[in-house]
Amino acid sequence: MRPPFPDENPVPQPAGSHRSVDPRRLRADDLRYLLALSRTGRLVTAADALGVDHTTVSRRIAALEKSIGLRLIERGPEGWTLTDIGRAVSENARAIEEAVDRVADTVAGQDSPSLHGTVRVSAPDGFGTAFATPALVRVRRRHPRLQVELVTATRQLALRPSGFDLAVVIGVPSSSRLVTEHLTDYTLGLYACDDYLTKYGRPETAAELREHPLIFYIESMLQVSDLDIERHLPGITPAFSSTNVFAQLEATQQGAGIGVLPAFLTQRTQLRRVLPDEIDIRLPITLAVRREAVTHPAVRALWAALRHEVAERADELLPD
Numbered sequence: 001m002r003p004p005f006p007d008e009n010p011v012p013q014p015a016g017s018h019r020s021v022d023p024r025r026l027r028a029d030d031l032r033y034l035l036a037l038s039r040t041g042r043l044v045t046a047a048d049a050l051g052v053d054h055t056t057v058s059r060r061i062a063a064l065e066k067s068i069g070l071r072l073i074e075r076g077p078e079g080w081t082l083t084d085i086g087r088a089v090s091e092n093a094r095a096i097e098e099a100v101d102r103v104a105d106t107v108a109g110q111d112s113p114s115l116h117g118t119v120r121v122s123a124p125d126g127f128g129t130a131f132a133t134p135a136l137v138r139v140r141r142r143h144p145r146l147q148v149e150l151v152t153a154t155r156q157l158a159l160r161p162s163g164f165d166l167a168v169v170i171g172v173p174s175s176s177r178l179v180t181e182h183l184t185d186y187t188l189g190l191y192a193c194d195d196y197l198t199k200y201g202r203p204e205t206a207a208e209l210r211e212h213p214l215i216f217y218i219e220s221m222l223q224v225s226d227l228d229i230e231r232h233l234p235g236i237t238p239a240f241s242s243t244n245v246f247a248q249l250e251a252t253q254q255g256a257g258i259g260v261l262p263a264f265l266t267q268r269t270q271l272r273r274v275l276p277d278e279i280d281i282r283l284p285i286t287l288a289v290r291r292e293a294v295t296h297p298a299v300r301a302l303w304a305a306l307r308h309e310v311a312e313r314a315d316e317l318l319p320d
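Numbering (the UniProt record's numbering), first residue to last: 1 to 320.
It cannot be assumed that every hint is accurate.
Unchecked claim - With a Cα cut of at most 20 Å, we get these calculated EDC-like pairs of lysine to aspartate or glutamate:
id, residue 1, residue 2
1, Lys66, Asp22
2, Lys66, Glu91
3, Lys66, Asp30
Please keep in mind that the hints were generated in silico from the structure rather than gathered at the bench.
Kindly produce the complete structure, drawing on both the sequences and the hints.
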């Protein structure tokens, strides 16, 4: 249920007709509370970013909704999401935040503007650790007042995406609320350690894989259709499964079976590629930005950093 607000006066639901709002009734600071919640989807996280408690965030957004006369947020499956009018209001609120940041830079005597605020990035476990982390750290070094949050999870984006500013996903998300860009392709292959191959032998054909335990994601919990094992190795059920690709990598190195792993994660291991000519799974990686975050300078800086990281290390993603 929606947390109770001190003001019990009902707020109308968003309507298609235009409304007249007295600008004198709007508090610019309330818009910053809405903006913080739009980035995280969670009251507690937004409160931490603003240095207040979550009840203050609730109260200030409720006051803003009352001033405007429209509902700006609603409960979603993964936290709070913005209504259509809420997104439009939030996008305009960024100008206020950026103006405050420029004032802070001026007072501090900085010649060039620095990046401020909090940006949340979502990425799969493997890519997020190996590629997103160094890219995001590089931006943070140049802009120490910027707060970067990296959430790692291999999942599809919801139709009403929330809880992130920028996301890296496997496949191609379909949502009108996102601006997307094909970032790169990457390859997965079959890998095994020397001990396993010595003990159980190396399969010579894809059909012989049925005689070996496979290591991959938990099928019933997998949220990315592009990673559905049935699409790539029909009729084979993993014997060891995990929602975490690093657990899969460790199990493969421990000799638990043959792992279906991203090539970029095996670069610094002693694992051997198995059936490289027959099994070469190539999938797209997409960069997705919520429309209301596209113009944010910090988001654009991280976007560019991810592009650069991928371009510099393309041979790891698609090795010969």
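Take a quick look at whether Lys66 and Asp22 sit within 20 Å of each other, Cα to Cα. holds, 12 Å
Restraint check for Lys66 with Glu91, where alpha carbons must lie at most 20 Å apart: holds, 19 Å
Would you mind confirming whether the straight-line C-alpha gap from Lys66 to Asp30 stays at or under 20 Å? holds, 11 Å
Hint violations for this structure: none, all hints satisfied.
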